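**Student:** The task is simple: from the sequences and hints, build the whole structure.
Protein chains: 2
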Amino acid sequence: MPVTMLTIARDLNISVVTVSKVLRNQGRISEATRERVLRRAKELNYQMNWVARSLVTRRTYTIGLVLPEFTHPFFAEVAQAVAETVRPRGYHMVLSCFEENPEIEENEIDSMLARQIDGLIIATSQPPEHLDIFQRIRRREVPYVLIDRPIIGLHACFVGVDNQAIGRLATEHLIDQGCARIAHLRGPDARISEARMAGYRQALAKRGLRIPGSYVVEGGHRDASGYEGMKILLKERPLPDAVFCFNDPVAIGAIRAILEAGLKLPGDISVAGSGNIHYSDLLAVPLTTVDQGSRRIGALAAELLMARIGVKTSIKPETILIPPKLVERQSTHRIV
Amino acid sequence: MPVTMLTIARDLNISVVTVSKVLRNQGRISEATRERVLRRAKELNYQMNWVARSLVTRRTYTIGLVLPEFTHPFFAEVAQAVAETVRPRGYHMVLSCFEENPEIEENEIDSMLARQIDGLIIATSQPPEHLDIFQRIRRREVPYVLIDRPIIGLHACFVGVDNQAIGRLATEHLIDQGCARIAHLRGPDARISEARMAGYRQALAKRGLRIPGSYVVEGGHRDASGYEGMKILLKERPLPDAVFCFNDPVAIGAIRAILEAGLKLPGDISVAGSGNIHYSDLLAVPLTTVDQGSRRIGALAAELLMARIGVKTSIKPETILIPPKLVERQSTHRIV
DNA sequence: CGCGGCATAGTAACCCTTTTCAATTACAGG
DNA sequence: CCTGTAATTGAAAAGGGTTACTATGCCGCG
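Residue numbers (the numbering used here), protein chains in the order written: chain A, 1 to 336; chain B, 1 to 336.
One or more hints might be untrue.
Copies of one chain are not kept apart here, so a pair can be met inside one copy or by any two copies together.
Below, simulated SDA-like cross-link-like pairs (lysine to any residue); rule was C-alpha separation at most 20 Å, straight line [as the list claims (entries may be wrong)]: (1) K316 - P68; (2) K264 - D281; (3) K206 - I175; (4) K42 - I133; (5) K264 - A284; (6) K312 - V56; (7) K42 - L113.
These are calculated hints, taken from the structure and not from any lab test.
Everything numeric in this text was worked out from a predicted model, so none of it was measured.
**Tutor:** Have a look at this one:
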């Protein structure tokens, strides 16, 4: 019932091969038949069956984007950038969200591989001791690039932000504002969180500041854990005069806790986050943050991936670190 | 090179048909061969080629989600809900973002159809006079459900919020708070925006309030146009004492304009939005808004679609209107 | 007149799986 | 020993394209 190349071929008393060649603009075809084919195709409203084509060409013109969640503005922006980069080149993007669950992530990737996607962009949650899935990707010879969360020792492309620089940038800024008792609400136990904390410590060391160990509180990556973490910090004596937060949601949670405690912000405590999420300039207190260039990460990752699709010679993996940029707002204004 | 059913079949000296049957748990197969096949498949790490399967079954187990943008929190939440609903049923989601451009939307949908997706969820930008694309979808007999933006007269499933109720709810709330000069920053010229305005007018009429026509300002759907629109409203005399905004981003823009003008919020002017986007309780002034149940919209649309995939008897289109819920926050607190 | 060369069209095989239906085997019953 | 039935297995044909190679016709040229 659906119109295929065979329909056109029979109508015109030619072979499907000729139709195929015309439709792909490939091979020597006389102008006359080319036009007949094109016209009939339009009349019948012929649409290529990409599944059939994919079966033989082994290209689906579809890439997979695997993210922990979309509702986090950072990932939403990455996704949009990837989609926009990839669309003009005729690629589709299948999107999967694994809710920070490594098993779901693994299954989704396997399932994408089974569907023969041409490439993968992944913000992985795999622990460093369980990297099977990447071997499986490699065995299939599907190019992939990691974003946001690097895995050291994995011979793979990576596009992300320089997390240590984020920690340095934010902390130095707080020091520059006159803060001396700078606490840190760190993220979940993972590479990123550690890098940011390393930057934090580095900045403190460079400026000769010593901070009690209890000033660093481990938490999650959402506002709820920022709220809880800040409540712990608020019991510290002496009270910190600044907090560098793992990311903006955590900072937002922290701000809520601070304001609830009746403290002034800025004034009693300054807060800096990271991510520069949309609307962070419209919060209760406009948030000083570090921009991670989420759109650039998405666009660059997509371009890197495109460049690797279809080239047999496995090029050397590439790592792109986007330098972060401080965005100064009210939450860290100097108290005069 | 890749391991296929044929690889397994040859290894075991049986036919691919048998392998296929085992792998699908279908047809009568002796326990002995079933186990041999399963074991060999695991040994070889066999992965089904879904493209090949799709070609014959005409099912890709992939649905398309077509949105104007992901960075808008509403759509991000919808997307996440769709993904989570669809994943446990073995479906993938290809996501496309058309940047409010009807032509891109059309192309993307066509291209998804060519890739044989099993169903579509669309937040369309097509003008009511140009509905070709929906005919094309229908001709392919691909089920689809519209979300967020209905098209009257199009015999199609729809899941969205009751926009008129949103306008009523927000406006009545403002009236209850003692406001009498209630302005409206309406959205772009489209059905949604009109419905919300209709609800706004309805509430005013019901309470016997008359409002000058200049109190309604047309704009876009982003914070920038809320900012501009509010600046226009601020020139009105008498000054409005409340604004019902098309959505939260517009409300956020309006708040910025109000605060910049040195007015008190709430106090001089109350602001209500719609959407209840993540973080709207953490804004400079926590925003009273109307929750649109974005997650429910995504989940219900996905379920509706799933229910229609694979059933030949084209069921009657269904319309689900989610009743909105008022979320009261500081931006409309009664001034005592 | 025969041959090489070019432009165009077509044949057959293949991509990997499912589906339909026929073939084979085993076994019970007459 | 023959027949009928049930349980397994397999052969062949899709499904809609692409690819490599072959066939055809026409031309100019030695």
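**Student:** At most 20 Å between CA atoms: does that hold for K316 and P68 within a copy, between copies, both, or neither?
**Tutor:** Neither, since 27 Å and 37 Å both go past 20 Å.
**Student:** Pop the pair K264 and D281 into one bin, within, between, both or neither, using alpha-carbon distances up to 20 Å.
**Tutor:** both (18 Å within a copy, 19 Å between copies)
**Student:** First find the shortest C-alpha distance between K312 and V56 inside one copy, then the shortest across copies, and answer within, between, both or neither for a cut-off of 20 Å.
**Tutor:** Within one copy only: 17 Å inside a chain, 29 Å across chains, cut-off 20 Å.
**Student:** How would you label the pair K206, I175 (within, between, both, or neither) given a Cα cut-off of 20 Å?
**Tutor:** For K206 and I175, only the intra-copy Cα distance (11 Å) is at most 20 Å; the inter-copy one is 58 Å.
**Student:** Measure nothing new, just compare the shortest in-copy and cross-copy C-alpha distances for K264 and A284 to 20 Å and report within, between, both or neither.
**Tutor:** Both, since 12 Å and 14 Å are each at most 20 Å.
**Student:** At 20 Å max between alpha carbons, let me know whether K42 reaches I133 within a copy, between copies, both or neither.
**Tutor:** For K42 and I133, the Cα distance is within 20 Å only across copies (15 Å; inside one copy 44 Å).
**Student:** Reference check for the pair K42 and L113, CA-CA at most 20 Å: within, between, both, or neither?
**Tutor:** between (34 Å within a copy, 16 Å between copies)
Violated hint for the displayed structure: number 1, the only one.
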